[in-house]
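*Asks:* With these hints in hand, go ahead and build the complete structure from the sequences.
Quick mapping for you: the protein sequence lines, in order, are chains A and B.
So in this note's numbering, the last spot in the first sequence is 100, and the numbers never skip.
So in this note's numbering, the last spot in the second sequence is 420, and the numbers never skip.
Note that these hints are calculated values from the structure, not bench results.
Treat the hints with caution; some may be incorrect.
Looking from chain A toward chain B, a few residues come up when the C-beta cut is under 8 Å (computed) [to be verified]:
{"hint": "1", "residue": "E5"}
{"hint": "2", "residue": "A7"}
{"hint": "3", "residue": "V16"}
{"hint": "4", "residue": "L17"}
{"hint": "5", "residue": "T19"}
{"hint": "6", "residue": "L23"}
{"hint": "7", "residue": "F24"}
{"hint": "8", "residue": "V31"}
{"hint": "9", "residue": "M38"}
{"hint": "10", "residue": "H59"}
{"hint": "11", "residue": "V75"}
{"hint": "12", "residue": "L77"}
{"hint": "13", "residue": "A82"}
{"hint": "14", "residue": "I92"}
{"hint": "15", "residue": "H96"}
Quick look at which bits of chain A chain B covers, simulated, 3 or more residues with Cβ under 8 Å [said to hold, decoys possible]:
{"hint": "16", "segment": "41-47"}
{"hint": "17", "segment": "51-58"}
{"hint": "18", "segment": "63-74"}
Built from N, CA and C at the ideal position, the CB exists for glycine as well.
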Amino acid sequence: MIPTEMAVLLSVVLFVLGTLGVLFKRNAILVFMSVELMLNATNLALVAFAQQWGEETGHLFVFFIITVAAAEVAVGLALIVAIFRTKKSINIDELHQLEG
Amino acid sequence: MTELFLLVGTLAVISAVFMLLSDNAVHSALFLVGTMVAIALMFLLLNAPFLALIQITVYAGAIMVLFLFVIMLLGAERTDISALIGSDKRKFRWYIPVAAVAVGILFFVVAVGVYNSGIAGRDIPAADPLARVMHVAQDVGTVDIFAGETQIADDLMFGEASDFVTLPAGESSLLFTTESGEQFTAIVALEGNSAATIVAHGAGAPTLSVVPTDLSTVNEYRSGRTVVFNAYDGVDAIQLIDIGTPADENDDFVLIDSVAAGSFSEPLTLEEEPRVNWLFVDAAETNDILTRLEDYEVLRDESTLVVIAPAPVGDGTTRVAPFVTSVEARPAFGSPRAIGYELFITYMLPMQLLALLLLAAMVGAIVLTRREWDKVRDKVGVRRRVSRPLPQVIAAQVGDHDGVDAPQLPGGEGSTAAGD
Numbered sequence: 001m002i003p004t005e006m007a008v009l010l011s012v013v014l015f016v017l018g019t020l021g022v023l024f025k026r027n028a029i030l031v032f033m034s035v036e037l038m039l040n041a042t043n044l045a046l047v048a049f050a051q052q053w054g055e056e057t058g059h060l061f062v063f064f065i066i067t068v069a070a071a072e073v074a075v076g077l078a079l080i081v082a083i084f085r086t087k088k089s090i091n092i093d094e095l096h097q098l099e100g
Numbered sequence: 001m002t003e004l005f006l007l008v009g010t011l012a013v014i015s016a017v018f019m020l021l022s023d024n025a026v027h028s029a030l031f032l033v034g035t036m037v038a039i040a041l042m043f044l045l046l047n048a049p050f051l052a053l054i055q056i057t058v059y060a061g062a063i064m065v066l067f068l069f070v071i072m073l074l075g076a077e078r079t080d081i082s083a084l085i086g087s088d089k090r091k092f093r094w095y096i097p098v099a100a101v102a103v104g105i106l107f108f109v110v111a112v113g114v115y116n117s118g119i120a121g122r123d124i125p126a127a128d129p130l131a132r133v134m135h136v137a138q139d140v141g142t143v144d145i146f147a148g149e150t151q152i153a154d155d156l157m158f159g160e161a162s163d164f165v166t167l168p169a170g171e172s173s174l175l176f177t178t179e180s181g182e183q184f185t186a187i188v189a190l191e192g193n194s195a196a197t198i199v200a201h202g203a204g205a206p207t208l209s210v211v212p213t214d215l216s217t218v219n220e221y222r223s224g225r226t227v228v229f230n231a232y233d234g235v236d237a238i239q240l241i242d243i244g245t246p247a248d249e250n251d252d253f254v255l256i257d258s259v260a261a262g263s264f265s266e267p268l269t270l271e272e273e274p275r276v277n278w279l280f281v282d283a284a285e286t287n288d289i290l291t292r293l294e295d296y297e298v299l300r301d302e303s304t305l306v307v308i309a310p311a312p313v314g315d316g317t318t319r320v321a322p323f324v325t326s327v328e329a330r331p332a333f334g335s336p337r338a339i340g341y342e343l344f345i346t347y348m349l350p351m352q353l354l355a356l357l358l359l360a361a362m363v364g365a366i367v368l369t370r371r372e373w374d375k376v377r378d379k380v381g382v383r384r385r386v387s388r389p390l391p392q393v394i395a396a397q398v399g400d401h402d403g404v405d406a407p408q409l410p411g412g413e414g415s416t417a418a419g420d
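*Replies:* Shown next as structure tokens:
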């Protein structure tokens, strides 16, 4: 059995890497991929805690998160395609239409 | 195990770092696939085989293909890493060091929190024991059974078992009420994190024997688990012989050597078999057949209890008979079956809502990427231009923006278009 705290630490490292990606990347698709990395990190923590407590509820939540991520990717990538078509760019620095 | 964990964890982190540093979006996506696969391996190590498969098929498969598809569709392979390494032509971004420090603090706080939370040393409280009662007591007819406030059984017939109920760990007092209104009390002791069958047997006031019932997964391939309890005190011990098919006399073999009266056997693990014929004989005198179990079906993933007890025949005498009760073994932790049970019993509504969400996302993606929006915009433009000179209107409708001279344009179509 893998120690829970090690799995959670790994999940924290991956989450932080994902956060860095979201903060520093200028390509909208890469920002999106970093968000996926963060979701995966939380999944890892949930599975580790599920093992610790011998409860399958954690697995169920991971299952739901994966489903929601699939839906989110479908809509998000469609948005990116639509934005690219009008703006001819997916650099998030150039996408500030709502700026006051 | 821990070495494997470190290996897979390092793989995941290295992949994630390269995903961030790579200056080609396709390479980034492939490194992210590496991270996903490493996390799937981690799920396997953490006893979640079902999720590992889902992770590979949905994440590393479907979602990443979608990403790669969009990257290549938009031709967005080249990305800048200048913002990350600092050689940016644009002016200095003050928020980059702030963000880096904030992320560092986040990592530090969570890491310290994880180590100080005492996750590792935390004891999980033992679950309350599960228990059921099997009724083979003589001369009492049907019984109602209570343990304190908890009702275990209502009108439990002779030879039948109740459903499992949760009882507090430690000693519990069971109250039996017979058909004629007589009441008996008996005390049983149960341990936490276990399941047991309480067999009520004997004549007069029922004697209670606690038979541990193993509800955990049967690990052997397509096998079931069988325990024999001997509630017949007419002989010292009984023996269980599998006689196979009655036609062949050479395939008899002893399954259980001897079970003393009032005790239970070690669990037998038997492969599933549609028809078995078992003989229960006196262990001291094996030619003395006490009773037989014919055409009995051994089911896989079931925990079966066979109780040998004297049953009333009707004219006041008794005859030894086997009483069989089975319960499905719990599926292994994290297995598809276990997840399926949870999903369909506890989380049915959330799952349906998620299905609707996925449907909405699919429709949303189609609507967002529809080419129709471009056409709508063009039409709006045409309407606005109607008040302009006719040649321009015709040119806009035909799609020829350069040549606005009327003589070159097709006159018939132009006149109808100008009419509206």
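*Asks:* Now tell me, hint by hint, if it's right for this structure.
*Replies:* Here is what the structure says about each hint:
1. E5: Where the cut-off is 8 Å and the nearest Cβ of chain B is about 5 Å from E5/A, the hint holds.
2. A7: holds (6 Å)
3. V16: With a closest approach of 5 Å, the V16/A hint holds.
4. L17: Holds, because the Cβ-Cβ distance from L17/A to chain B comes to roughly 4 Å (cut-off 8 Å).
5. T19: With a minimum Cβ separation of about 5 Å from chain B (threshold 8 Å), the hint on T19/A holds.
6. L23: This hint holds: L23/A lies near chain B, its Cβ roughly 4 Å from the closest one there, short of 8 Å.
7. F24: holds (5 Å)
8. V31: violated (10 Å)
9. M38: It is violated, given that the least Cβ distance between M38/A and chain B is near 10 Å, above 8 Å.
10. H59: holds (6 Å)
11. V75: This hint holds: V75/A lies near chain B, its Cβ roughly 5 Å from the closest one there, short of 8 Å.
12. L77: OK, holds: L77/A within 8 Å of chain B, min 5 Å.
13. A82: holds (5 Å)
14. I92: violated (11 Å)
15. H96: Where the cut-off is 8 Å and the nearest Cβ of chain B is about 15 Å from H96/A, the hint is violated.
16. 41-47: It holds: at least three residues are needed, and the segment 41-47 of chain A offers 3 whose Cβ sits within less than 8 Å of chain B.
17. 51-58: Since three or more residues must qualify, the claim that chain B covers the segment 51-58 of chain A holds, with 6 doing so at under 8 Å.
18. 63-74: Contact hint for the segment 63-74 of chain A vs chain B: holds, 11 residues under 8 Å.
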